[in-house]
Structure formats: structure tokens, C-alpha cells
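*Asks:* Please build the complete structure, drawing on both the sequences and the hints.
Protein chains: 4
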Amino acid sequence: MCGIIGIYNHPEAATLAYLGLYAQQHRGQESAGIATGNGDKMKIHLSMGQVPDIFSQGVLNTLKGIHAIGHVRYSTQGESHIRNCQPFMVNFSSGSMAVVHNGNIVNALSLRKKFEDSGAIFQSNIDTEVVMHLLARSKQQTIRERITDALSALDGAFSLLFLTKDTMIAARDSSGFRPLVLGKKNGAHIVASETSAFDLIGAEFVREIEPGEVVFFSGDQIESFRFADNNHKKNHCIFEYVYFARPDSHVFNRDVYEIRKGFGHQLAKESATRADLVVPVPDSGVPAAIGYSHESKIPFEMGLVRNHYVGRTFIEPEQNIRHFGVKVKLNPVRKTFEGKKVILVDDSIVRGTTSKKIVKMIRDAGAKEIHLKISSPPTKWPCFYGMDTPSRRELISAKKTVEETRLHIECDSLQYLSVESLYWFDKINNKEWFCDACFTGKYPVGRAEVEKKIRFETGEAIKPL
Amino acid sequence: MCGIIGIYNHPEAATLAYLGLYAQQHRGQESAGIATGNGDKMKIHLSMGQVPDIFSQGVLNTLKGIHAIGHVRYSTQGESHIRNCQPFMVNFSSGSMAVVHNGNIVNALSLRKKFEDSGAIFQSNIDTEVVMHLLARSKQQTIRERITDALSALDGAFSLLFLTKDTMIAARDSSGFRPLVLGKKNGAHIVASETSAFDLIGAEFVREIEPGEVVFFSGDQIESFRFADNNHKKNHCIFEYVYFARPDSHVFNRDVYEIRKGFGHQLAKESATRADLVVPVPDSGVPAAIGYSHESKIPFEMGLVRNHYVGRTFIEPEQNIRHFGVKVKLNPVRKTFEGKKVILVDDSIVRGTTSKKIVKMIRDAGAKEIHLKISSPPTKWPCFYGMDTPSRRELISAKKTVEETRLHIECDSLQYLSVESLYWFDKINNKEWFCDACFTGKYPVGRAEVEKKIRFETGEAIKPL
Amino acid sequence: MCGIIGIYNHPEAATLAYLGLYAQQHRGQESAGIATGNGDKMKIHLSMGQVPDIFSQGVLNTLKGIHAIGHVRYSTQGESHIRNCQPFMVNFSSGSMAVVHNGNIVNALSLRKKFEDSGAIFQSNIDTEVVMHLLARSKQQTIRERITDALSALDGAFSLLFLTKDTMIAARDSSGFRPLVLGKKNGAHIVASETSAFDLIGAEFVREIEPGEVVFFSGDQIESFRFADNNHKKNHCIFEYVYFARPDSHVFNRDVYEIRKGFGHQLAKESATRADLVVPVPDSGVPAAIGYSHESKIPFEMGLVRNHYVGRTFIEPEQNIRHFGVKVKLNPVRKTFEGKKVILVDDSIVRGTTSKKIVKMIRDAGAKEIHLKISSPPTKWPCFYGMDTPSRRELISAKKTVEETRLHIECDSLQYLSVESLYWFDKINNKEWFCDACFTGKYPVGRAEVEKKIRFETGEAIKPL
Amino acid sequence: MCGIIGIYNHPEAATLAYLGLYAQQHRGQESAGIATGNGDKMKIHLSMGQVPDIFSQGVLNTLKGIHAIGHVRYSTQGESHIRNCQPFMVNFSSGSMAVVHNGNIVNALSLRKKFEDSGAIFQSNIDTEVVMHLLARSKQQTIRERITDALSALDGAFSLLFLTKDTMIAARDSSGFRPLVLGKKNGAHIVASETSAFDLIGAEFVREIEPGEVVFFSGDQIESFRFADNNHKKNHCIFEYVYFARPDSHVFNRDVYEIRKGFGHQLAKESATRADLVVPVPDSGVPAAIGYSHESKIPFEMGLVRNHYVGRTFIEPEQNIRHFGVKVKLNPVRKTFEGKKVILVDDSIVRGTTSKKIVKMIRDAGAKEIHLKISSPPTKWPCFYGMDTPSRRELISAKKTVEETRLHIECDSLQYLSVESLYWFDKINNKEWFCDACFTGKYPVGRAEVEKKIRFETGEAIKPL
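Respectively, the protein sequence lines represent chains A, B, C and D. In case it helps, my numbering puts the first sequence at residues 13 to 477. In case it helps, my numbering puts the second sequence at residues 13 to 477. In case it helps, my numbering puts the third sequence at residues 13 to 477. In case it helps, my numbering puts the fourth sequence at residues 13 to 477.
These aren't lab readings, by the way, just hints derived from the structure by calculation. Hints are not guaranteed to be accurate.
Which copy? The list can't say, so a pair holds if one copy fits it or any two copies do.
Quick list of in silico lysine-lysine cross-link-like pairs, DSS-like style, CA-CA up to 30 Å [said to hold, decoys possible]:
1. K369 x K475
2. K372 x K475
3. K55 x K368
4. K369 x K53
5. K353 x K309
6. K412 x K341
Please read all numbers here as calculations on a predicted model, not as lab measurements.
*Replies:* As C-alpha cells, then:
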């Protein structure tokens, strides 16, 4: 996962981009960067690390310009290395261009192989470099045609922002996997992954960039066109709702907090568990736990306290301390749990190791029963559209039944949300607007490439659509 | 405010001290330090900044020893300067000694003046240096008598830990203003400000260090004695319950989370406000908001989202953005507030500026009515016992009535907890166990010095006991 | 200018590369980097700054491998930016490859333009990227043929080291502009710009890599072949002798210290100046001053003391101090100069500003006469083969006669070495083995491109060969 | 050893102090600090490390004031720790005061013990703290009397600068062990250890601060008085001439470069060695080697090249490289030594390990004979007056005869300067103006304390005066 921001036509473009990245820091803590254009020249600064550590006032001062794009990176693919940081900036026949990317190109490796065979060199491991090669190699004359040409060759998920010294271009894949929203602030145009960036910047939400749409910002003009026809089935990533987006963001035209709370309501409706209290795993489990509490009338308690000073490197004592790794982040309010039957709400289970530790920690704190409620279906399949999930072999739900998982985690009961209830917010026939391949194995795009990868790993076939 | 930790007799003393500081980072983010003793020599490392930035594995490796004391500092008094960081380490006739201090010595300046007149030199602005001078100048022979001598001369709040190369000493003022707890972990003894430190270290809570008690750790022995008689009225700081301590800590023999939730219950009992939802100012307002919701049956919502990546220095754009300062930390979930009557719960109001910004931000998000509920009485008086409150002149409640404050903050109603309800957890006659001078002006200790300072500032008298 | 190092087949390859860069730090202080191969994978680390600041033990530990190449960069061309640091590492059809480069490709811009027109993208401003494109686009099958193909397309100066996970390749342009030497250490092969790198590593000098030669290190084999025929006139850079190389290095099969001392002898032979003492501008003027003193019998004195702690950023007081900029580096031994006639020896004059300040400083120290002796001819033409000289417009000798220069510098006399005397070490007919275009304007290679650049700047023609 | 700087009455006091420290960096690279006064308040900044790394423009901006004192520290005594950095700043009955110290107080430990017994606490291991206790405990009324009182109690070497918010005081022990000079720059007064600081600052040398003199800078006044009578025998440190001071400094009213060159002349006069060349160990051996060459007519050659980029931490390969430690700093010009008889000139031999490595390195470079000439007598006794010499047990000349030392170092001959020739610059009867205890064991001051320490270590007596 990554987060992107674009600022077009604002005297403090770099500072606004910095704020936009800051508000989207949850989408990537590995590296960050900003490129700017002042109509004449481009500047760039990028580094491993988090936004506040990378950008000082001094650095922002060097990023002169009225346009800016920025990126925070979560290492989906490509090693942790400065060469893989974005914005990715190149020179080619049309001049200098920087690009930021959120998503994952399914056919990137094939394209890369093809280009290498015809004499291209690659300096990074990121998909974004493939996009720039497509652009540079296009035989089209205008940048508009080149963009159409390049984007049409891509399979997979991409929300992209391109910047030249005087132009900004936003584009989104025709499935609309990743969010991309358009806002404005006085005379400036803002593009971001999430609306929470607009809130901090003080910008106003205008609309989503449409799947298959390209928006050109040039001079005083905004121009929109499609590089793909309008008939494409939407495949918004349902996991943005489950976990990834900030709860205060407005994503895919809905409010994330409300959606998540609804997951909790659904879980409670499908459950008959009697308990004394509902406790979320903070912070991601909070909205669903509130929904569960509202629906079930079982009191909500903040029984796990989150440490706000979690440093990047943490020194563990040699002599082992029980549940140490989890305790650095979470600590139980002992009294709340003593002798109680607890409903514990989390958003998902990936490998199961953290859940197991939290359950143990709560049991040590005195809980009598622990009923784990997951506000999404079992995560059984890896994502190839930009979410950083481990391989199928590491996903506990790919290998174990719900009961086997419960035994592993050592909770008293384990309940997942059903796939049907996941779509509570839009019951009629609209499932096709979302990609839920991580739960169902029904990969909507680039199926041949995806099947190849899955087969290579586990010998399995993916599910029919 | 500050947080302290002591580890006696553990092979990884420095690492445990580091973890103990880490768990108490909320008690001070300005500087941190650890001193160790290995029976033969002492080592020390201290720096401005936060715990994870100050202590690397390499630094911890240099802090050899089986005993350690540590400190996190919040700049109560004394400038931000390396000379004011703790542990404070000196040599005197009895050898080397390091000390850490949580609290505030009311008569420190008088003592300091006296010592300077008799030829002493001071290298810092912190009270702790006065304590060491008292110890060094004592005419007593044994360290036990010297400690008694020194502590008896102090007026005010102090939870202290002393360390020599082979001995650790814990002491607490006879009022018991600041918390100080004793724990154990295998053969090691642990002393900390809060039990949350024990949780991360994997230590077991044993008991509070008593007000007026000194505990000596030496060789295999723990020895306890009193430097003050047992009849002293306790004056635990009620603000530890209101705001300062972690909700998962056990302080003054009670659970902070439960106490805070009770404040919310009391607020709701004293209120007749009709509303659609109860929203806390995170994180400090969360337990009281939950209590309020439970009592009032008005649904609890996490309508304000806290940014977890707040950096130490934050760059603001020149062009002002509405409520910018608050938005860096908090952002409203717009939909939750739209057209709603909101109960907003916070722990206290100091200057009123932040509350005003939050209220505006929520109103901009569409709230119809905003009723601000404060889970403590109006803060009218500065603290002289170790809490970092501004001067009386800056406290909004010292100058304005509740209604004037409401007008300033621009909320639809404003309700504080009554002083009586503050003591819901112990209704009968136990008020005398707590210091609530910040609410009542009834300063229990060092009244002459306190009166002098208040008079100097505002010309007012303090309240009779 | 830059310095390069290659280590083939040594268990501590990265550490030896680090030492090799350290010994060649004088060839570039702007950035440094090392890439390694362990037969299976490649690693890289690069950063702006100086060698000791960039490579810690921790960083070297991550650079696993038995082969390594390294680079120190002096910003000849290309902006100061991490994207321009070397090693330059890419992936292409033949796999991963890193490259380091000392020199300057005269036709780089033309090649780059051609590649961009055919769809290539560029991520840096350095020539080295062009070399990699040539390699990747070659239609040849074997890496040997590809290298021949690529290098044949280049005009100008290049000493190159390529590294794959298991192969190292050294190559030098057919003019042999920049030095490149081969050494060995136990079973390992070492390639470096200067032999001083061998001295620190403890390696033994074997021979120069020949102009037009490619040396392949692969498995246990070293294989040498030529990519250009043997008849090419050599064009070793005479400025390596004048200023750039370390005096303790063996360059172009001669000892730099002896050559420089010879320059001083020649200067003295061509001079009749009577004086009391000979003083060098340290450190570059020392060997020539010693030679001058030996020849003239005028006593040598170290009358200018060099500050060894010159930091990268130096804070100047607002209130101007006489000769401040020079004094940070040099200070006169006042007594040595008082009332004396001084022979001051420096290696070259570029813009004349530093010389002017030094002369003033010595005169202020009491010198009666100052005779400036330059151990090279007037520098009149910019270098296009890798030396970092300013444009012709900034070279004082391009604009002024010797007498005008003397008047500007305000010395009592000014003498340059004649071009003939420059070749004292090889008088008969061997001038064609060196490039002295910076003195004569006789550019030996890429004359069309060079002429275009000079004409663009000043409207002048270059000199016929 | 340490270096100190004082600036009185200059608008850029902190920047000038920074420059003064920079010029004196050779006197201490372990830590540096500056304290300033603006007539009203004092500011301080200190840190471990070198001057350019510690002081940025931002830091200097915080050091507001028109007066400043600064210090660079070489760890003579006291551990490497921030608490031992100077300026040492305290508060006492007279207000705030900072102090910097170059020298060593022989009776510091006795005084310290006495103070501790009467209830004082110490926070550092440095002598300077004792000075401040003396000042604070003086019963005198005026600061002038207090200073006289305090300084009179000290035995040993001290050049001191005190600073209050509006006053600066310079003082020097009555022996004048360490240098201390007075300069001026426009209306400002400058005090420094060495005149080289004046050169960089652009200040003018006025005179030495006299041994036993105190100079008071206050308001527009400079006032001088003596705290000790004028009859005291001077004991200037001869080692400042041999090694420590910069060659371009004017110390004890003589020019260091000339004195050192004279040592070389004397060595040559006392020698009959036939040789091909004279080579210094740079940089400290250069002036004496020049003198030797002038006297003997044997040509001077810069046969050892010094690496200018020696970093603070240097990573050594595991596989040992011959003479590695020395090679990081020095490298021979091989051709210069091949088959030659070499006179190698160095300033002194302490443990003999470095000399041994250099001799081997030169022999490996092909020298036929190596004759080591030392421009001082054998260093046999440790210094107790501020020079950082090792204990007597580690001094090679304390244990071995000249011939035994030669055998250890493996040179062909070894010659030291005689004690008589050391005083070539002042032949008649003036030996009593210098302390040469390191060569003669004739300790002039604090003999009882010194004898105690020497006896404790080796059982030996010191020499009679």
C-alpha cells in the first residue's frame, strides 16, 4: 500500500504536499518523497523513513514550485532501498517527469522482460518504472495519446500522478481498485488517495477520479478524458473498508467509519454470544466494536490501551517476557477483564500470531471467556492489486478451518463476518463493484498472471469469477 | 511531571529500565536518562529527546550493571537543557550517587539560597540538586540517617530513587503526592511511578511505597523505615486520576480506567442533556465518555480520529488553514456529526484554546449542538506539587465563570464535574486523602511559600484548608 | 574528477573497497558508494558525503560479497543529487550490473538525445547512464562483444569498472586519459585509480590497465582483450601530474612526487629571481617548492601552516575579516616572512582569487617581495575529459596576459612553467603521450563536440593538433 | 591539553569564539563548548566532538551575547563524558558564572576531598569544579578578593577564563606553565591560548597575560592585578615548543616555528650522520627537519604523505595489513626512499610503537639506512601540569636506554636532542624560565603531591631541583 498526493497551482505546493503525506502516513511508513515543478524546473527530495523526519523547513524551502506530487511507501513489492522510493523521476524525449503510484501492476514483470529484451535498463524494482518506459516508448505524438497508450498496456491496480515542470496528470485504472479523489482549495487543485488529506490541508472534496479516467492539469485548464471505456466492471478494494483507509476518510463515495461500524452491527446480528463487554483491538477494531456494542447492547470498553510512543527500533531484553512483542503496543486494563466474558473485535486475521498473543494477554489479565469477532471474512488469498498481504502459504485461513484457527489462537469462540454481510451497505446486486479476491479467490483482473503465481507457489487454481 | 523507574538486582537492569521508561513515556517527552551500578562502578547516559531515540542497543551495552534508575522529564521547572536532565549524578563524601525525582519541592529556592550563601555551587535549575546538597551536608553518619535528615527538610512532592554503585533507595514524601509502586520480577526488585511499567517489563505489582517511607535495597536485603511519622494526612494528586496516569495503571491503590469511567457516570448523572451521541476527545477523554454513554444510554462514537504520527516539529503552511493546529492531531468523522446533537467529553480545560478549536472543528463538520462535558472541576489554581500547569493568569477558569468560559469556547452548553462527584469512588469522608488544590485552592503543604508565589503573581490569597 | 576501486575475490571485499576509497578521497568528496556481489546477489550503499561518514561497520556488514566496486565523486558534471551518485546499478536483459566511472564522455549528450528519441528514459545526469544504455542496447550476444560494442561508441575519457553478481570488468579509453592500475593481494585482484589505494590495502602493484584494454575477472580467470586497436595515440592527462594525483602515487608508470619536484627544478632553471626563501602553498605546492629549493639553493621554509580540521560548512562572521576565506585553511608564520624576499610556489592558477588572497596575506605578514612561481603553464582552456575546471570565461589566463595576471594578483613577479619544461621527464618526442589541452587548446579527442561547446561559450575556435 | 578563547565586548562574540576554537582545534578534539553573556543572561552550548560538528549557524544564533568564552578539550584527566565538558557553568551566591581551564591543578584531589568532607557535591571529574568551589566558599566580599583567595589555594598549571553575564576575567598561574595571550580587535578584547586564534579572528596581538596576573574586563574597563607576587620563578612548558603549539603561533614571546627549526639545527650540529635525505614525520616533525636540512646541507624531502581525511572512527579489515594503523595517516613516497640513507626527524618518542611502525614502513619502501633524530630529549617523566602524557610505566625512555630504544624501534641509529641544546634560543642562564620535568624529573611545583603519585606508581623519587 501507498498513499499519494498532488497539488496543482498553489504557492505553497511542497508544504501542502507534505501535509497531505502526513495525513496519509498510515498508508506507508517506509519512505516518503515530494517532487515539485515551478513551470521551469523540477526539484525532488526523497528518503527512507517517516514524513516528519524527512521534511524539515529547510528541505521544503528547496522544493520550490507551484505544483507538487508526493508519495508515502509501504513496501508492497521491491526491496527497501532508496532506488525504490517515489516520486520516480526521469528524463525522456518529452523532458523531465516524476510519477507516484499506488497499486500493483499485475503484468509488470512481463512488460519489464519485454523491454529488457529490447535493450532497456531498469534501476529499481518498482512497477512505476515500467509505466515510465511505456510512456517513453509510445509512438504517439501528444502526451495525451502517449498516456492512453501506456495505461492501456497495464493490467492491475494503479492510481497514478504524473508531474512535469508545468503539468500534472492524474489517472486511475479502469477497475478503480485504489481510491483517488479530487479536491480544491482556493484556486488550487488537489488529488489524494484519501479525503483525510483534504481535511488537514483545508481543501474541499470535489469528486472521485473515475476508474478509467485521466485528468490533465495544465495552465488554467483541467481536462478529463478516458483511456478505457466506461463499461468496465468496477473492482474497488473491499479491504480499504475493512482495514486500510483512515476511518475519517470518505472512500469509494462512502464513509469508512460508518461502513466499519456496520460490519460490527452485522457481526452482532449473526452472533448469539453472551458476554459482559465488547473490547476492540485498537485502533483498527474500534468502529466495528462500537457497532457490535450498539447492536448487541453489550457495553463497549476500551480494555486495551495503545502505546503512542512506539519507536521504529525497539530493544527487547534477552530474558524473554511474556507476550512482549504485543505489550510494546498494547496493554490490558486488568480490572476490566477480571472474571469477565469478553467479546474481542479485530478487523482481520493474517498469520494469527498477533491474535494469539492478544488473546493470551487478555486471559492472563483474568478474562473468563474470550470470543473473538473478526469484522471481515477469513483472509485466504494473497492480494495482487497493491495490498501488502503475505503469500498464501502464510495466511492462516488458507490452511486452517475456522475451528482449527480458533484452536490455534486459543480463544473460546471465533466468528468471522460472512461475505454477504460484508456488503451490508449495498445489498442489492452490487457485489460486482468490489474486489474481494483476498476472501474469495475470485481475482477480477490479470487472471492468467495471477493464476501463474498462485500455482507456482501452492499448485492451486484460482476461483472462477 | 516526570516518570521514574528503578531496577535492583537484575542482569539486564539497563534494558529493563529502558522498557520501564518507555512504558512511562507519557509522563515526560523532553529528556530521558538511565544510570547504572555494577557493584563497583556507575555509568550514566542522558539526552534531550524521547526514549527510543536516546537509547540504542549500543548505548544500553555501555550501561553495565545489575542496578539501574531512569527518568523521563516533562519540563515542570528548570529550563530545557542537558544540565537539567536526570538522573542527576554527583560525587560527595560518601562516593558516587545518582538520583531521579518526580515531584516538586516547594521550599527548594529557599534551601538553595541558604546553601549558596554558605558557599555551595549549583549546576542545574532542578530541585533534585537541592536534595543532593542536603544529603551531602548532613552531619549524620549513616546514609540512613542522612536520608532521614535530608528528606525531613523538604516541603512538597517527591517520589525519589537514589542509586549508588551497589545500593538503591526509594523514598516518597509524607503526603504521597506522586505515585510510587514496588514490584518484583524473579529475584529483582522494581520501583516505578506507574504499574504500566511493570506490565511491559513483566514484573508483578507488590504494593505502593508508603507516603513517608524509605525503602533500602542493599545486598540481598530490603529494609523499610519511615523518615516521617505515620500520622501525616495523605495528599495524593487527584489530577493523576483526571488526566496524567495511563488508564491501564493502578495508582493510589485504584484502577485509573475505572475511576475515569466513573467520572463519566457522575457527569451523566448530574446532566439532563439530550443528545444523539457521546464523543470523546481522544485519548484522554475516552474512559469518561464511555462512562457517560453507559450511564446516559446515549450511543458512544469515536467521532474524532487521532493521528498517530505526530512528529516533534511540525511545519505549518504560511497561508492559514482553519483549526490547523488541532487538525494535525485530530480529525472529525464528518458523517458522524452531521445534523447531530453531540456530547463532547474531555478531561479538563486549561487555557481553553484547544477546546475552542475542537468545538469549531466539530461544528464545521455539521454538528447541530455541541455540549461539552469536562470530567473534572474547573482548573483554577496552579500546581506547586509537580504538575505542569500554567500560571493562574493563564488558567481560563481562574478568570472566567463557567458561562463566560462557554461563551469563549462557543459550545452550546458546558458542564464540569463537581468536586463532590470527583470523589465518587470513595464517598465517605476520604477527601482528605487527596490534593485537589488545582480545583479548590486549598494547598495542603508549603502553604507559606505557595501563598507568596500566588500573591506575587496575582495579589490573591490561597484558600483556607 | 572521481576515484574508483574494484576488488575481485576477497572475503572482505567491501572493507577493502572502503579503504581503497578512503585512500582516494582526494579525488572526490561529494559522494561515495560501494556495490558488492557474492556470486548470487548484489548489494549497494551510496550517499552524499565523505567516505568515513558514509560507511560504518554496520553498513559494511550489509554489503556482503567477495567482489566490490566503489566510487568517490567530485561533481564534474551532473547536479549534486543522490541520483547522480555511483556505483550506478541497473537491471537489464543480462541481469544486474553496477558501474563506476572516472572521466567524461564527450559525446554523452548526443548519445543520450539519440536514445531518448528512441524511447529510453534517464534517471540521472551522469555519463555513466549512457554507457549502460549502450550496453543494454547492443545487439551482440556475449558480454564481451557487448562491451566492445558499447565502448567503441564512446568519445572521451573513461576508466570504468563494471560489476555483476560474479564478474568484474575493468576498461579504459584508448587515449588512457585517466589512470587505472591493476594490483593483487593474495588471491584477490584489485583495480584502482591510483596506487596509493594499493598501499593502504596492502596490495601489490602489478601494472597499468592499458589504454583500449578490457580486463575480465570471472571465476578463477582474468582475461584481457582490446576493444580498440593498439595504434591509438596516448593522451594521458598531464594535470594528474600537476595537481590531481596523490604525490605518493605511481601514475602513468611514473612517480608523481618525482615529477612534481622536477617541475620545481625546471622552474628554478628558467628563473633568475634572487630571494631569501622558497615557500610552498601547502599541500599541492610542496614537491615543486622542494625541487625549486634544491635547484636554486634558496632555503625551503614551511611558511604557511595548513589547518587540518577544515569542516565542510564553515560559519563566517558578518563583520568581514581580512583574507578570511583563505585563513580558514592557511596561516602564515609571520617571522618567516618579515622583511624577506619570498619565492611562493603553487601548482596552478585557475580564477586567480585564491592566489591574490594568499599573496596579500603574506605581504601583510611582512614580506618585502613576493615572486609567484607556478609549476605548470597558464591554464587557458577548460577540460572536457573529466577534470573539474571552470568555463573558459572564468579562467584568468584565458583572458589576461601573464603581466595582467601579475597585476591582478599583486605579486612582484609571476612565472609559469613552459610547456616544454612540463615534459622534462621525457624530453624527446614523447609529448604526444599526454593531453595538455588545458594549457594549449589542442584537444585530442571529440574535437567536433568540444569545438561546438567552446564556440557556444566564447565564439572561439580550438587549436589545431 | 586544552585550548581556550575569550571574547569581551563584540557583537558577534559567539562566532568569534567559534573561530578561536577552530584555530585551536589541535589543542583538543574530544569536546568543545561556548558560553556567552549579554549583560543580562548567560547561554551555553557544549558537546562531545569537534568544533565544526558542534556549532551550526543555528546553534550560534542561540548563543546571544557580546561576551563569550570557549573551550576545546583533550582528555587530560576526567573521563570522556558530557559532564566533563567545558565551559563549566554554575550558580552560586554571586550569580551565574562559567569557566574554562587549560592546565592541571596538582592539589585538586586534596582540595576536593576536603570540600567533600565539609558537605560539597561534585558533578564532574575535572579540576575546574574545584576552582569554582574555592570561589564560592571564599569568605571575601568582592569578586577580586575571592579570585585572589581561590587562585592562591591552587598548586599547578592553570590558564583560566571566567565569564559572568557582564564580566570576563583571565588568570594565569604564577609559573606561567600554559600560554595565555591578550589581543584586541576594534573595541573588543580577545584572550586565547595561542596567537593563531588571533590570526583567524583578525585580532591583533597585544601581550602575554603575565604569570600570576589577573585581568578583569568589566564595562569599558580593563583592570590588571596580581594574585601572586612577581618573584615567582617562571616555569613555561617547554613541550609547547617541542610539539603542542601550532608552528605559526607566538608562544612565551617567541615564534614556535623558529624555535622548532632551531631544534633541527642543534640536532644536526650534534650529529655526524651521513645520509642522502632528511624526511620529517609530518606534520609535527617538519620544522625541525627543515632546520636539520639547512644545517647539514642534506636535502629535505617530503617522503611521507599525510592523509587529510582521517575520520574519527576507522574500520580495519579483519585480515591484518602490515603497518595498517600508521598507513591510515601516512604513506611513503616509495621512490624517494629506495636504496637511500634516510634521516627521519620526529618531535618526540612516547611509547615507541608509532616510531617502530614508521621505521618499518620506510624500510619496506626500500630505505637502506634509517637514522631517527628526535628534536627533544628522551621523555622520561609524566606531566602533572596539563600535558596528556601516559604514566611513567608506559614511557619507553623511562625504562630503556637510548640503545635499547633503538633496538626496539629497529632503526640504524637514534639521536635525541640534549637538554642543553633544547635551550639554544636562550643560552645564558635562562633555563629556569621553563619546566622540563618531562625530560629531567625536576618538577618545579607541587612537588610533594607529584612525588606521592610517582612513588605510588613506580616507587621512585623525583629529582631534586
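*Asks:* Each hint should be assessed against the structure and marked as holding or not.
*Replies:* Evaluation of the provided hints:
For the homomeric pair K369 and K475, neither the shortest alpha-carbon distance inside one copy (33 Å) nor that between copies (52 Å) is at most 30 Å. Within a single copy, K372 and K475 get their C-alpha atoms no closer than 35 Å, and across copies no closer than 51 Å, so neither meets the 30 Å cut-off. Neither within a single protomer nor between protomers do K55 and K368 lie at most 30 Å apart by alpha-carbon distance, with minima of 47 Å and 37 Å respectively. In this assembly of identical chains, the alpha carbons of K369 and K53 never lie at most 30 Å apart, being 52 Å within a copy and 36 Å across copies at closest.
Both within a single protomer and between protomers do K353 and K309 lie at most 30 Å apart by alpha-carbon distance, with minima of 14 Å and 21 Å respectively. In the homo-oligomer, the alpha carbons of K412 and K341 lie at most 30 Å apart inside one protomer (27 Å), although the nearest pairing across protomers, at 41 Å, exceeds that limit.
Hint check: violations occur at hints 1, 2, 3, 4; the rest are consistent with the structure.
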